[in-house]
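Work out the full structure, taking the sequences as your base and the hints as a guide.
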Amino acid sequence: MKNIKTEGLWLNRLFKQSGTSNAVSQNKAYFAHRYHPDHSAQDKNPFRALFVNDGKNQFNLEARESDFQQVFKHELAMSTGTNEHVESSLSYDSTAIDATEDSPSHSHVPLESRYIVLYCYSETLDTKTFRLRRQDGQHFDYLPGQYVTISVEIGGQEYKRSYSLASTPTRPGSLEITVKRDPNGGVVSNWLNDNLKEGDTLNVKGPYGKFTCARVVPPKILLLAAGSGIVPIMSMLRWLADTNARTDVILVLSFRTQYDMIFGDELKLIATRHKNIKLFITLTKESLIYSQQFGLTGRVNEKMLAACVPDVPERVIYLCGPCAFMTETKQYLQNLDLPAGQLLCESFNVNTSQVSGQAKLQHYSVGRPSRNQTGNHRVRFAKSGKTIIADGAITLLELAEKSGIAIGHECRAGNCGECMVKCLKGNIEMTGQAEIDDIDRKKGWVYACCAYPVSNVVLDV
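Quick note on numbering: the sequence shown equals residues 29 to 489 in the numbering used here.
Some clues are possibly wrong.
Stated by the list, open to error - Keeping only pairs whose Cα atoms sit at most 30 Å apart, straight-line, the calculated DSS-like set for lysine-lysine is:
{"#": "1", "residue 1": "Lys470", "residue 2": "Lys430"}
{"#": "2", "residue 1": "Lys450", "residue 2": "Lys471"}
{"#": "3", "residue 1": "Lys358", "residue 2": "Lys411"}
Just so you know, these hints were derived from the structure itself, not from any lab.
Right under this line is the structure:
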């Protein structure tokens with residue numbers, strides 16, 4: 029670990045992002061309870077020498093409200109390509125494409141490194157957390173809420189899966205992924221729970237994703253999650269708590285039973301120690317007697333949200349969990365007058381139609397393009413010299429793969445940007461999961477994994 033005095037610029041930038049004062053000011057707090065109880069991690073904690081727990085948090089949220097509204101709308105538009113909810117579809121028209129630029133506005137080159145497993149923790153009976161550290165000792169640069177892709181070999185076959193990070197960049201010595209067993213036969217998730225042990229190594233690539241509160245921290249946040257959807261939410265919560273962010277935070281979490289509560293003890297401890305963080309937990313399969321200690325019972329519904337969060341329209345909401353939970357919750361939020369553009373979503377789904385071994389970790393998807401497509405579209409790959417007839421039923425990435433044309437990819441879900449290619453001519457429609465911003469869209473860049481031709485097109489591939 030580097031001497032903490034040499035990390036001043038990094039720490040100051042981190043605290044500036046969260047809206048707190050300078051990291052080396054007198055307003056300091058060290059929260060050792062949020063570290064797993066292994067002595068080596070605490071001894072090497074970079075915040076130990078900097079922070080002293082004074083138990084006091086002062087917040088001035090009103091002063092940030094007006095400035096935040098404009099900044100957040102701009103950042104959301106840049107992240108999703110729209111001022112609407114992130115699931116809005118994107119449509120590309122050749123007349124709107126500026127093909128004069130040769131590179132995307134923010135070329136993204138994820139790093140792949142070898143990691144060693146330091147510790148394995150059982151969060152629940154079917155969920156484990158794995159703490160990882162780069163073998164070369166370097167730090168991993170990421171934002172809270174992002175995810176990584178890991179590669180493992182099972183039965184002689186390589187599998188790639190995407191997992192959200194539960195850890196926070198405020199604890200830079202290691203990464204943590206939290207993996208729940210899949211009763212429907214998830215190959216990698218079940219293998220990790222059954223076989224991965226301390227001392228094992230695996231490849232980790234990333235970071236990916238824009239499901240984060242760290243770019244512009246809202247003055248009021250609602251974190252909503254069900255089941256394993258708590259993982260990226262926990263990353264953001266730890267970051268907000270570690271940086272002492274001056275943000276009003278409400279969490280509404282749903283679990284089946286008290287025994288399924290991932291991070292349960294830590295969640296309650298954080299809420300106890302931070303006056304600006306309120307925690308509500310509902311148990312869907314417990315009787316009222318068992319649920320009384322957690323405050324709520326039953327599935328999340330509109331009445332419950334209105335009672336727990338009376339100021340829904342004033343908050344930026346981060347929603348993660350199973351698709352059914354998210355679909356219902358979004359409707360409740362709309363009924364409670366949540367303005368468009370204040371909801372960011374992430375769901376976990378395996379896309380079985382894709383190539384074996386690939387996982388789909390996506391923002392809410394609107395599905396296939398809405399246009400009535402025919403098989404008359406010609407897709408010309410300019411650099412390879414191949415022209416393929418497209419039927420509109422498969423993506424540009426799948427079309428390239430079937431034609432022997434190599435396009436890099438990782439998530440196959442519109443998140444990582446590895447499959448970004450340039451459309452030189454023609455019309456392309458993309459599903460709403462694509463995380464591409466307006467600047468790149470106007471230049472003609474598309475994500476091949478979720479792009480479909482709706483006319484004859486020419487690609488710079």
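Hint by hint, here is what the structure shows:
no. : hint            : verdict
1   : Lys470 / Lys430 : 28 Å, holds
2   : Lys450 / Lys471 : 8 Å, holds
3   : Lys358 / Lys411 : 43 Å, violated
Violated hint: 3 only; the structure is consistent with all others.
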